[in-house]
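Student: Going down the list, the protein sequences come from chains H and G. In this text, residue positions in the first sequence follow the numbering used here: the first is 95, and each later residue adds one. In this text, residue positions in the second sequence follow the numbering used here: the first is 95, and each later residue adds one.
Hints should not be assumed to be uniformly reliable.
Since copy identity is lost for identical chains, a pair holds within one copy or between any two.
As the list claims (entries may be wrong) - Straight-line C-alpha distance at most 30 Å; calculated DSS-like pairs for lysine-lysine:
1. 177 <-> 106
2. 106 <-> 338
3. 236 <-> 115
4. 286 <-> 381
5. 213 <-> 115
6. 381 <-> 177
7. 115 <-> 281
8. 342 <-> 177
9. 236 <-> 213
10. 173 <-> 213
11. 381 <-> 236
12. 342 <-> 173
13. 106 <-> 134
14. 342 <-> 281
15. 173 <-> 106
16. 141 <-> 177
17. 173 <-> 141
18. 342 <-> 213
19. 134 <-> 381
20. 134 <-> 338
21. 381 <-> 338
22. 177 <-> 338
23. 177 <-> 115
24. 115 <-> 186
25. 177 <-> 134
26. 286 <-> 115
In short, the hints are calculated from the structure, not lab data. Values in this document were obtained by computation on a predicted structure and should not be read as measured data.
One letter stands for each residue in the lines below.
There are 2 protein chains.
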Amino acid sequence: MIIGAIEAGGTKFICGVGNEKGEILDRISFPTETPEETLKQAVAYFKDTGALAIGIGSFGPVNMDLSSPLYGHVTTTPKRGWKGFDFVGYMKRHFPVPIGFDTDVNAAAFGEVKWGAAKGLDSCVYYTIGTGVGVGVYAEGKLIHGLVHPEGGHVLTRRHAEDIFEGLCPYHGDCLEGLAAGPAIEKRWGIKGSALPADHLAWEMEAYYLGQAIAGVILLLSPKRVILGGGVMHQEQLFPLIRKEVRKALNGYVAAPEILEDMDTYIVPPGLGDHAGLCGALALGIKALQS
Amino acid sequence: MIIGAIEAGGTKFICGVGNEKGEILDRISFPTETPEETLKQAVAYFKDTGALAIGIGSFGPVNMDLSSPLYGHVTTTPKRGWKGFDFVGYMKRHFPVPIGFDTDVNAAAFGEVKWGAAKGLDSCVYYTIGTGVGVGVYAEGKLIHGLVHPEGGHVLTRRHAEDIFEGLCPYHGDCLEGLAAGPAIEKRWGIKGSALPADHLAWEMEAYYLGQAIAGVILLLSPKRVILGGGVMHQEQLFPLIRKEVRKALNGYVAAPEILEDMDTYIVPPGLGDHAGLCGALALGIKALQS
Chain H
95 MIIGAIEAGG
105 TKFICGVGNE
115 KGEILDRISF
125 PTETPEETLK
135 QAVAYFKDTG
145 ALAIGIGSFG
155 PVNMDLSSPL
165 YGHVTTTPKR
175 GWKGFDFVGY
185 MKRHFPVPIG
195 FDTDVNAAAF
205 GEVKWGAAKG
215 LDSCVYYTIG
225 TGVGVGVYAE
235 GKLIHGLVHP
245 EGGHVLTRRH
255 AEDIFEGLCP
265 YHGDCLEGLA
275 AGPAIEKRWG
285 IKGSALPADH
295 LAWEMEAYYL
305 GQAIAGVILL
315 LSPKRVILGG
325 GVMHQEQLFP
335 LIRKEVRKAL
345 NGYVAAPEIL
355 EDMDTYIVPP
365 GLGDHAGLCG
375 ALALGIKALQ
385 S
Chain G
95 MIIGAIEAGG
105 TKFICGVGNE
115 KGEILDRISF
125 PTETPEETLK
135 QAVAYFKDTG
145 ALAIGIGSFG
155 PVNMDLSSPL
165 YGHVTTTPKR
175 GWKGFDFVGY
185 MKRHFPVPIG
195 FDTDVNAAAF
205 GEVKWGAAKG
215 LDSCVYYTIG
225 TGVGVGVYAE
235 GKLIHGLVHP
245 EGGHVLTRRH
255 AEDIFEGLCP
265 YHGDCLEGLA
275 AGPAIEKRWG
285 IKGSALPADH
295 LAWEMEAYYL
305 GQAIAGVILL
315 LSPKRVILGG
325 GVMHQEQLFP
335 LIRKEVRKAL
345 NGYVAAPEIL
355 EDMDTYIVPP
365 GLGDHAGLCG
375 ALALGIKALQ
385 S
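Chain H with its partners taken away, still in its complex shape (with noise of 0.2 Å):
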C-alpha cells in the first residue's frame, strides 16, 4: 500500500511516499517557491507512484474547519502566492485520490503518535523550535483545531533578567517565538546557536522560556508526553535545561509521577528524528483513506 506524503514548509518542500508502518520508502525535497511552481513539481513527483492517499502536513495558517468553503486553503501567510490558495483543492484536481491536511507541527505529532515518542498515547504535544515556533497538540485521541489551530508559539513568557534582547516577532515583539525561534538566538546573540558553546548563557536563556510554555502547556493541557523537534533542539544540552525550568516553574504542583519522577522520558525529542513532519503527513493520508 503505498501512500503519499508532503511535509510543507514554508521554505521547503518534501514530497516522499510510504506504506502503512510508517516506512518512507522515498523521498526529495525543493524549495517553496510560488504555489504553482512548487506543486507542479510535486504533481510530477506522485504522478506516477500509485498512492492511494495523501497527506499534507502544512504551514499555517490553514483553514481546518471541514463546514467552510475555504477549508484547505492557506490563509493569511505573507508567503508569495499561498495566501488563500486552495491546497487541497489543487491536490484533488491532480489526484482523485483520499487528500488528509493538517498543519506541519499537528502532522508532527500525529506521526509521533502513530509511531515515534507517543507511541499508543492518546494524547502529546509537539513542540517544533526552529526559525519559528510551532506547536502541534493531540489531546484525547484527536488532531485540535478549534476556530482556527493551535499558535503556541506566541504565547508570552516572563522574561529572563539577563535578557535585554526586544525580540523578533512582527506580531507580538517578545513571545516565545520573537525570543526563542533560531533567527532570535542569531540576533541576540550575533552568531547562529550552532556556534554558541554548549555552556553559553544562551542556552539557559532559552530553557527559561521553553520551559516557562511547557509548564503552562502541561498545566493547562496535562499532555501524556511532550516532544521536542526543530533544528534549535540539535542543541541536546537544551532537554535537561528544559526539563530543570519546567520542574522549577511546577514546583510539585502536578502530582503525576510521569512528571515528578519520570521527567527524562516525558520531555523527550521526537522517535521520528526529522522525519516526524513528512512520517506524520504519511500518517494524514492513511487516516484520510480509512475514514
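The hints should help you fit chain G onto chain H, whose structure is shown.
Tutor: Relative to chain H, chain G alone:
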C-alpha cells in the same frame, strides 16, 4: 427522566436533580466537611429521588484515568479526609446506577456546551475565578483530561508594572491563581473585591492577568468560545477590560472573525449563570447513562 447531580466544591456541596433538558428541578446545598459527614447528606438526598444516574463535578485534583484502580478518587487535596478518597466508589456502593465524574470546571464547561453559552459548539474553555482559578477544557467534542486534568489556573503571566503583591499560591506564589483569585484581590488591597469601586485599579490589574492567560489559551487551543464564571466575574466591568487585554495580547495574529470582530460574543459569562457547575454535573450524569 430524573438524573442526579453533585457540584462538589471545596467549601460548598450542592446536590440536585434534573431532567434530560437540563432543567434543575430541585437542589440543596451544605458545607463540605469530611467525606463521611458530607456524603451521608448527599446519600440521604438522592435516596428516594429515583435518579437513573448521578453526575459529579468535583473539586480536585481527581483521578480521571479509567484504566487506573484509583479512577474516581480525589487525590492530593489538603482538605481533611478527602485525600485519596474513592468518591465514585462510595456513590456506586449506595446507588447502583451509572456515575458520571469529572472536575468541577470540566463539568461546567460541559454544561455550557449542552445548554449554555457554548451550546452546540465542539470546543470551549471555561474559567472559574473565585476562591481559586480553575479551567475546564472541551475540545473536538471531548472533555480534556490527559495525564491528570487541566490545572490552567496556575499558569504564569507577566507581572503588571504597578503590582508589588507577592501572590498567594502556596505552590507558585505569583501564578495566575496567586495573583487573580478572590483572596489575592482581598489581600492585595486590604478589602474584599466586592467592596472596591468599578473603576479601581484592581480591575485593570485583574483584567491584565486574566487577559494574558486567556490569550495564551486562545493561541494554544483556539477554543470556539471562552466562558468566564465564578464570584470574581460578578464584577461585570471586567468583561470589556479583559476583552481589551486579549485583543492587545493577540494583536491581530489569530485571524478569526470571532476574535477580530465579535469578541463580545466570544468571551462571555456562563449562559447558565451560577448553575453551570450543577447543570454540568447533570450533563455528566446523562452522558454516563447513555454510554
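Student: Can you list which hints this structure breaks, lowest number first?
Tutor: Result: hints 2, 4, 7, 10, 20, 21, 23 and 26 break, sorted rising.
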